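Let's have the full structure, built from the sequences with the hints guiding it.
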Amino acid sequence: MTLLDAIISTGGALQRHKLRSCLTALGIIIGTSATITMMAVGAGAREQVAAQVRSLGTNLMIVMPGNANQSGVRLGAGAAPSLTDEDTAAVDREIPSLQVISSVVNGNIQVVADAANWATSIYLVDVGYLEVRDWRVASGRAFDPDEAVRGAQVVLLGQTVARELFHDEDPIGREVRIKNVPFRVIGLLAKKGQSALNKDQDDVLLVPLVAGRRVLGHNQVKSRAVAAILVKMREGLSMNKTEEDIRSLLRQRHQLQPLQDDDFTIKNLSEVTSAQEAGARTLSILLASVALVSLATGGVGILNIMLVSVTERTREIGIRLAIGARRKQILWQFLLEAVGLSIFGGVAGVVVGFVAALIISQMAHWTLIVEPWSVPLAVASSVLVGVFFGSYPALRASMLDPVEAIRSV
Amino acid sequence: MIRTEKLTRRFHLGETVTALEDVSVSIAPRDFLAVIGPSGSGKSTFMNIIGCLDQPTSGKCWVDGQEISALSSNELAAIRNRKIGFIFQHFNLLDRLDARENIELPLMYAGVNKRSRREIAEIALRLVGLADRARHRPAQLSGGQQQRVAVARALACSPKIILADEPTGALDSKSSGELMDLFHSLNEAGRTIIVITHDARIARRASRVIRFLDGRVQ
Numbered sequence: 001m002t003l004l005d006a007i008i009s010t011g012g013a014l015q016r017h018k019l020r021s022c023l024t025a026l027g028i029i030i031g032t033s034a035t036i037t038m039m040a041v042g043a044g045a046r047e048q049v050a051a052q053v054r055s056l057g058t059n060l061m062i063v064m065p066g067n068a069n070q071s072g073v074r075l076g077a078g079a080a081p082s083l084t085d086e087d088t089a090a091v092d093r094e095i096p097s098l099q100v101i102s103s104v105v106n107g108n109i110q111v112v113a114d115a116a117n118w119a120t121s122i123y124l125v126d127v128g129y130l131e132v133r134d135w136r137v138a139s140g141r142a143f144d145p146d147e148a149v150r151g152a153q154v155v156l157l158g159q160t161v162a163r164e165l166f167h168d169e170d171p172i173g174r175e176v177r178i179k180n181v182p183f184r185v186i187g188l189l190a191k192k193g194q195s196a197l198n199k200d201q202d203d204v205l206l207v208p209l210v211a212g213r214r215v216l217g218h219n220q221v222k223s224r225a226v227a228a229i230l231v232k233m234r235e236g237l238s239m240n241k242t243e244e245d246i247r248s249l250l251r252q253r254h255q256l257q258p259l260q261d262d263d264f265t266i267k268n269l270s271e272v273t274s275a276q277e278a279g280a281r282t283l284s285i286l287l288a289s290v291a292l293v294s295l296a297t298g299g300v301g302i303l304n305i306m307l308v309s310v311t312e313r314t315r316e317i318g319i320r321l322a323i324g325a326r327r328k329q330i331l332w333q334f335l336l337e338a339v340g341l342s343i344f345g346g347v348a349g350v351v352v353g354f355v356a357a358l359i360i361s362q363m364a365h366w367t368l369i370v371e372p373w374s375v376p377l378a379v380a381s382s383v384l385v386g387v388f389f390g391s392y393p394a395l396r397a398s399m400l401d402p403v404e405a406i407r408s409v
Numbered sequence: 001m002i003r004t005e006k007l008t009r010r011f012h013l014g015e016t017v018t019a020l021e022d023v024s025v026s027i028a029p030r031d032f033l034a035v036i037g038p039s040g041s042g043k044s045t046f047m048n049i050i051g052c053l054d055q056p057t058s059g060k061c062w063v064d065g066q067e068i069s070a071l072s073s074n075e076l077a078a079i080r081n082r083k084i085g086f087i088f089q090h091f092n093l094l095d096r097l098d099a100r101e102n103i104e105l106p107l108m109y110a111g112v113n114k115r116s117r118r119e120i121a122e123i124a125l126r127l128v129g130l131a132d133r134a135r136h137r138p139a140q141l142s143g144g145q146q147q148r149v150a151v152a153r154a155l156a157c158s159p160k161i162i163l164a165d166e167p168t169g170a171l172d173s174k175s176s177g178e179l180m181d182l183f184h185s186l187n188e189a190g191r192t193i194i195v196i197t198h199d200a201r202i203a204r205r206a207s208r209v210i211r212f213l214d215g216r217v218q
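For the record, the sequence lines run as chains A and B. To convert, note that position 170 of the first sequence is 170 in my numbering; the numbers rise steadily by one, no gaps. To convert, note that position 153 of the second sequence is 153 in my numbering; the numbers rise steadily by one, no gaps.
No wet-lab data here; the hints were simulated from the structure. A quick note: this is a predicted structure, and the numbers were derived from the prediction, not measured. Some clues are possibly wrong.
Computed list of lysine to aspartate or glutamate pairs in EDC-like fashion (alpha-carbon distance at most 16 Å, straight line) [to be verified]: (1) B:LYS83 / B:ASP95; (2) B:LYS114 / A:ASP5; (3) A:LYS191 / A:ASP134; (4) B:LYS174 / B:ASP199; (5) B:LYS6 / B:ASP214; (6) A:LYS328 / B:GLU75.
Pairwise CB distance ranges (calculated) [stated by the list, open to error]: (7) B:GLU67 / A:VAL387: 35 to 41 Å; (8) A:VAL293 / B:ASN74: 39 to 45 Å; (9) B:PHE11 / A:VAL293: 45 to 51 Å; (10) A:VAL409 / B:PHE11: 17 to 23 Å; (11) A:ARG281 / B:ARG135: 57 to 63 Å.
For each residue, glycine too, the CB sits at the ideal point set by N, CA and C.
Encoded structure:
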């Protein structure tokens, strides 16, 4: 008796009670589809978080002026203009673990080009800004250190701004006016998409810090103050260590007493994203328990129906024993039937889970990713369930006394 | 071919029942033996033991030279498969398999490949005169035809011994006669035939008769 013979025989036995087989497999179908959906939700959430981290820039730390808690009076971060260009320079000089650093000053302006105009955010930045944000220039070029130092009137356009001002035309080399001052477009930024807070990150202008300050004037920007210092650390270095180094450096520079609060805030982006990851993990654990419980329930269903089947087919077992079947062959026959049921449930569950993941991603606008390895995992777990819950009935079948079994009706 | 020595079989059903006691018989190759006796006389128990479906409480039993009272269940299964062909009163075919598949079943357990199985099954069907019924299921066959499929199944592995337990019990007299003719031709072809029966007419056609009463051979 080859395995193929056994499988063909199993198929025949299961087909004989189609409805019963389907109902028995239902528990496994639910369990497997829950597993597939769970892993798709988990992978999707992880990917979403990872994409957001990537869009902000990796290994990024943001230093902002002011503190949420100053001398017992709670103020918003950035409330006190305590950071200056000198702080940026000092951090750049003193902290060896950073890769690149940029001051940022931001504002909102109306930008005008020929016939069109558009209200957008303007960022006054250093040369290193694009590297800090892992941002590339799609066409044209970024400004060079020389342009940054002398405050050349050049600008990089985000995709959204370029579209609003120039539609489909190439913006490179064109002129835009910011507060009536002409700026030459030298580069178009690559598309960033939405930030974690659903802000359009492509609706932005980048200009050199010095040039921007000249235009925005002292009303909006104190001469040396910066709105934030963005720090990108070198790969593989401890964020916490660097954070502490920056904190003690800035405290020293700002001449803060030991008991005084910081007059700046350091935000480590891994903290922001870990909360989102935790949420996704909770959901995954929830779905995993649903999957486990329904797999176990499905397994008990298989156990139950296989016991019924063994009882029903006692005479068949007796006949098979009489014509020379070994006990092991009877064991395999019934084990294969249980496994056949659970594999059927597993495969159907994969299909159902796939469809469910598709529907959820459409309805809830979540990113769901069905990872290829989740399919064999789901099928393997259903096989395990079949083997586990099928072995007792199969063992019972194989232990029957042939004389008794043939006599039974 | 088969020899028993003081074969005893007891069952423990609350109290101990002795179904077979000190049965010593010898069945020669090419014998056509009828085993008769009233119900409960031990003839079925005797057949189960010499058919290797059951093992004796004490005593010894040789089947084709092999002593079976101490064999493992796998060894017994192999003897049932290769050396013995069973025929039952109620045919005991599997209803979801057709005639040919039923005949292939013992060959499958013997490890014969699919093609040879099919060939052997078709030959066996021709032998019992049912070549045109290969794809019929048991429910589509008459009682006599079903019993002939059962004979073909018993012959599939070319056993030396045919063990039939009340083979005509569920058949009309015409089918019974045909079946007995079949047994005779198998016997002439060299097989040992052992038939358990109530029917005196059947017993009369056997070359030898053993009568059981209260677990003993008379």
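Results of checking the hints against the structure:
Distance hint between B:LYS83 and B:ASP95 is unfulfilled; the C-alpha atoms sit about 25 Å from each other, more than 16 Å. Restraint check: the Cα-Cα separation between B:LYS114 and A:ASP5 comes to about 8 Å, which is no more than 16 Å; the hinted pair holds. Annotation: proposed proximity of A:LYS191 to A:ASP134 holds, straight-line Cα distance about 12 Å (limit 16 Å). The straight-line distance between the Cα atoms of B:LYS174 and B:ASP199 is roughly 14 Å, inside the 16 Å bound, and the hint therefore holds.
Distance hint between B:LYS6 and B:ASP214 is fulfilled; the C-alpha atoms sit about 15 Å from each other, no more than 16 Å. Between A:LYS328 and B:GLU75 the alpha-carbon distance is near 12 Å, which keeps this suggested pair within the 16 Å criterion. Range check, B:GLU67 to A:VAL387: Cβ separation about 38 Å, and the 35 to 41 Å hint holds. With their beta carbons about 40 Å apart, A:VAL293 and B:ASN74 fall inside the hinted range of 39 to 45 Å.
At roughly 46 Å, the beta-carbon separation of B:PHE11 and A:VAL293 lies within the given 45 to 51 Å, and the hint holds. A C-beta distance of roughly 20 Å is found between A:VAL409 and B:PHE11, which places it inside the suggested range of 17 to 23 Å. For the hinted restraint 57 to 63 Å between A:ARG281 and B:ARG135, the CB-CB distance of approximately 59 Å keeps it satisfied.
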